[in-house]
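These protein sequences, in sequence, are chains H and E. The numbers in this note's numbering rise by one with no breaks, and the one at position 493 of the first sequence is 700. The numbers in this note's numbering rise by one with no breaks, and the one at position 12 of the second sequence is 26.
Any given hint could turn out to be false.
[Claimed, not checked] BS3-like cross-link-like pairs, simulated, lysine-lysine; straight-line CA separation at most 30 Å:
{"id": "1", "chain 1": "H", "residue 1": "K420", "chain 2": "E", "residue 2": "K27"}
{"id": "2", "chain 1": "H", "residue 1": "K341", "chain 2": "E", "residue 2": "K170"}
{"id": "3", "chain 1": "H", "residue 1": "K420", "chain 2": "E", "residue 2": "K170"}
{"id": "4", "chain 1": "H", "residue 1": "K420", "chain 2": "E", "residue 2": "K42"}
{"id": "5", "chain 1": "H", "residue 1": "K475", "chain 2": "H", "residue 2": "K426"}
{"id": "6", "chain 1": "H", "residue 1": "K683", "chain 2": "H", "residue 2": "K499"}
{"id": "7", "chain 1": "H", "residue 1": "K475", "chain 2": "E", "residue 2": "K170"}
{"id": "8", "chain 1": "H", "residue 1": "K353", "chain 2": "E", "residue 2": "K85"}
The hints are simulated quantities; they were obtained by calculation from the structure and are not laboratory data. Since we're looking at a predicted model, the values are computed, not measured.
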Amino acid sequence: MAKLTIDGGAIEVADGTSLFDACRLARGEALPHFCYHPDLSIAGVCRLCQVEVEGMPKLTIACNTAVRDGMVVHTRSEKVRKASQQILEMHLINHPVDCPICDQAGECGLQNQYMAYGLYDSQVTQGDKVHKTKAQVIGPEVILDKERCVLCSRCVRFCNEVTKTGELGIFNRGDRAEIGVAPGQQLDNAYSVNTVDICPVGALTSRDFRFQKRVWMLKSADGVCAGCATGCNVRIDHEAGRVYRLKPRRNAQVNGSWMCDEGRHTYKAVHADDRLVEPMWRGQAVTWADAKVRLAEVAAGGFALVVGSAHQALEELCLLKQVAAGAALSGGLAGSDMGVGDDILRSADRTPNRRGLALAGFAEHGAIELAALIRAAKGAILVHGGDPAAAPEVAAALAGRQDVVYVGTHRRATAQAAALALPGATWAEKAGIFVNRQGRAQAFAQAVARPGQAREDWRVLAELLPAPAAAPGSLKVLREAVRAQLALDVDLDRLPADGALTGGEA
Amino acid sequence: MSFEGLSKESTEKRRSLLESIYLWEVVKGLAVTGRHLVHNIFHTGDMPTMQYPEEKRVYSDRFRGRHRLMKREDGTPRCVACQMCSTYCPADCITITAAEHPDPAIEKYPATFDIDLLRCVYCGLCEEACPCDAIRMDTGIYEIAADSRDKFVVDKEFLLNEQTRGTR
Ligand code: SF4
Ligand code: SF4
Ligand code: SF4
Ligand code: SF4
Ligand code: FES
Numbered sequence: 208m209a210k211l212t213i214d215g216g217a218i219e220v221a222d223g224t225s226l227f228d229a230c231r232l233a234r235g236e237a238l239p240h241f242c243y244h245p246d247l248s249i250a251g252v253c254r255l256c257q258v259e260v261e262g263m264p265k266l267t268i269a270c271n272t273a274v275r276d277g278m279v280v281h282t283r284s285e286k287v288r289k290a291s292q293q294i295l296e297m298h299l300i301n302h303p304v305d306c307p308i309c310d311q312a313g314e315c316g317l318q319n320q321y322m323a324y325g326l327y328d329s330q331v332t333q334g335d336k337v338h339k340t341k342a343q344v345i346g347p348e349v350i351l352d353k354e355r356c357v358l359c360s361r362c363v364r365f366c367n368e369v370t371k372t373g374e375l376g377i378f379n380r381g382d383r384a385e386i387g388v389a390p391g392q393q394l395d396n397a398y399s400v401n402t403v404d405i406c407p408v409g410a411l412t413s414r415d416f417r418f419q420k421r422v423w424m425l426k427s428a429d430g431v432c433a434g435c436a437t438g439c440n441v442r443i444d445h446e447a448g449r450v451y452r453l454k455p456r457r458n459a460q461v462n463g464s465w466m467c468d469e470g471r472h473t474y475k476a477v478h479a480d481d482r483l484v485e486p487m488w489r490g491q492a493v494t495w496a497d498a499k500v501r502l503a504e505v506a507a508g509g510f511a512l513v514v515g516s517a518h519q520a521l522e523e524l525c526l527l528k529q530v531a532a533g534a535a536l537s538g539g540l541a542g543s544d545m546g547v548g549d550d551i552l553r554s555a556d557r558t559p560n561r562r563g564l565a566l567a568g569f570a571e572h573g574a575i576e577l578a579a580l581i582r583a584a585k586g587a588i589l590v591h592g593g594d595p596a597a598a599p600e601v602a603a604a605l606a607g608r609q610d611v612v613y614v615g616t617h618r619r620a621t622a623q624a625a626a627l628a629l630p631g632a633t634w635a636e637k638a639g640i641f642v643n644r645q646g647r648a649q650a651f652a653q654a655v656a657r658p659g660q661a662r663e664d665w666r667v668l669a670e671l672l673p674a675p676a677a678a679p680g681s682l683k684v685l686r687e688a689v690r691a692q693l694a695l696d697v698d699l700d701r702l703p704a705d706g707a708l709t710g711g712e713a
Numbered sequence: 015m016s017f018e019g020l021s022k023e024s025t026e027k028r029r030s031l032l033e034s035i036y037l038w039e040v041v042k043g044l045a046v047t048g049r050h051l052v053h054n055i056f057h058t059g060d061m062p063t064m065q066y067p068e069e070k071r072v073y074s075d076r077f078r079g080r081h082r083l084m085k086r087e088d089g090t091p092r093c094v095a096c097q098m099c100s101t102y103c104p105a106d107c108i109t110i111t112a113a114e115h116p117d118p119a120i121e122k123y124p125a126t127f128d129i130d131l132l133r134c135v136y137c138g139l140c141e142e143a144c145p146c147d148a149i150r151m152d153t154g155i156y157e158i159a160a161d162s163r164d165k166f167v168v169d170k171e172f173l174l175n176e177q178t179r180g181t182r
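So here's chain E without its partners, still in its complex pose:
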């Protein structure tokens, strides 16, 4: 690529004398800062900064938060270990081992179901791929913290438990 067609003038703005001293521009900038400072002191409610974690942002219902696994009526996972989600997952962060279910009407279930939340990119393709509506990202949970990497790999029990927050 060449820039031959571009004139030099177009990239360099001509400055007036006042501008080239800079001092006046600094004063103008400080005035803007000062105006916001005084305004915020008297109107704290308008400030864009949030007092997290006391205050929390309200996200839309469509926000993709941490996954959860859905349950059948008897409390067992709805997932049939078909591995559509792990096949589709672009981050390759779902690991499932399938096993034979004693009930031939169910046949297959996940013996283990792990998601590495550090590798997940929250794209939602797993819930889209699932033929059984067994995995959802509708928990709204986005606070995920732990003090070691392996604690971000959450297992089936964790994902099935509606009470769990954060990581294990």
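Next up, chain H with everything else stripped away, as it sits in the complex:
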């Protein structure tokens, strides 16, 4: 342990802690910085984080200094204030006045730090600025504006250290130094948009989000990416019922500060044209009241087979099991939704909750097995989520049946094959819990309103219970029941910020 004094207050931190982190603890806010990033190596190039250490002849950068016992540090002295102001002014010498057309405006490191530490009058006239290439497409996801770059090298370090693809580099020297890709190369790795997130200014912008919304108009909800079994923690940025982008939320146990590009596009399915927004009876839209009448006809004797899916939340799966009340169970198609994984974040399993499915007691079946289960069912069949009818064998078994009920979000094969299709909610439109590949239960919150007549899945399932009167009154009650059912020792309604392991192999 090292004891040091920061801005007059004593603080004790572990040996080897960087002075930057110690100052953040002591001040309650980070020092001004561009190049420091908790999940990248230290570059020490922006020089913004300078502090005064007694006994040192000059100011020193905090990010690249380890704490020493007995250090006396000043972060708010006049000398430090002047230094950060002047460094900031230097960073802005050639910076264009682009804020009106710059997507970063509103969440920009330059803007924020100018307001906090700058507030000087510029000594540079517009005409004297060095101009560089603007709006250059450097990959399928990213656009580069060389003028706006402050050369913090975060993006370069990301491509070198995290993806190890090394597409980006700093070319030339002095005020002509610029970020770029080698000739003939592209920034096209599977994680490229993370460079946009970590770029403290508007030099790197996302082609998907560009100009869609000014960031200050967005509201955020904490979500979990449903793109694969990794379950990266995300922030769902939305406005007026529309999701505009997903951004990674830091969780050192799961995704660090990153998420993959494919995951960022998963929000598009929420607003897809083929969303199921009304109850459908034999292909005709009906009201919920009519749907309930039809349901009573179809499933008068309860269900003979209940099919779950790894796309549904843990609470829903547990409730689905109660709906089954002893009927044959299936977890849906084994091996469906598989893609290519890697050893950074992406799992080959492109479902968010396969571990949860197993935890809730569902076993998946191959297409032929599932078709056999369907043929053997001597009563109504309930399919919740997923799209098992995408497999031709299952579609053939379902064909002609008039007693299939589907609860789901999209009008895909299974919804078409079902006699009665009931609209549920996507991950952006409900709260729930996914259990990721580590067995970590992570909660996600509702971001936007459900479209049309769609309802929360657990409320739809509650109506299908053999004894609807015993249905849980709220998600909180349901979660308590799930906790008891699965014998977990965590409060599912108040999961820790980095999730909770549910046991089993990690």
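Fit chain E with the ligands to the known structure of chain H by using the hints.
Structure of chain E with the ligands alone, referenced to chain H:
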């Protein structure tokens, strides 16, 4: 709040006998009306009433009339779709969709730019917020009429066209 401190007398004026008959007061009032009537018959130019729309009031140059969008030299809108105006607008009546401009030197332009003139309170904050002097309220136009609500929502082409008056 209480009115205990106020005396009753202060709110009730004592009337003289003549006043309490009212008749004399009516005659006095009619005399004023008559005086103006006769005066106006012989001095029509002094009348405060205007013969609108044949006659129109002249407003100061600073009068905030209907908005217009300014143009670049090549006739395209000067607006860069930064949405400062729509952010600042207290009536929330400006709707802009931004799009990528083929020229990287311009980069961003408004694909659509609509103002709901019925919701606008003519405060002028939009022109004050604009970093590009792209929206002005110096047209002096105050005659805005239409026969349906949606016609008061004017679009980019309308606001760019110097010839347009009224609504579309
Ligand atoms: S990077 Fe920041 S300061 Fe620079 S133009 Fe964009 S918003 Fe403005
Ligand atoms: S592009 Fe952004 S992240 Fe990369 S060096 Fe420049 S400012 Fe830093
Ligand atoms: S004048 Fe005021 S109310 Fe009208 S558009 Fe401008 S900012 Fe909005
Ligand atoms: S503030 Fe000016 S430039 Fe920005 S969107 Fe409004 S009119 Fe266009
Ligand atoms: S944050 Fe320390 S030098 Fe950039």
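Which constraints among the numbered hints does this structure fail? Numbers only, ascending. Numbers 1 and 4, in rising order.
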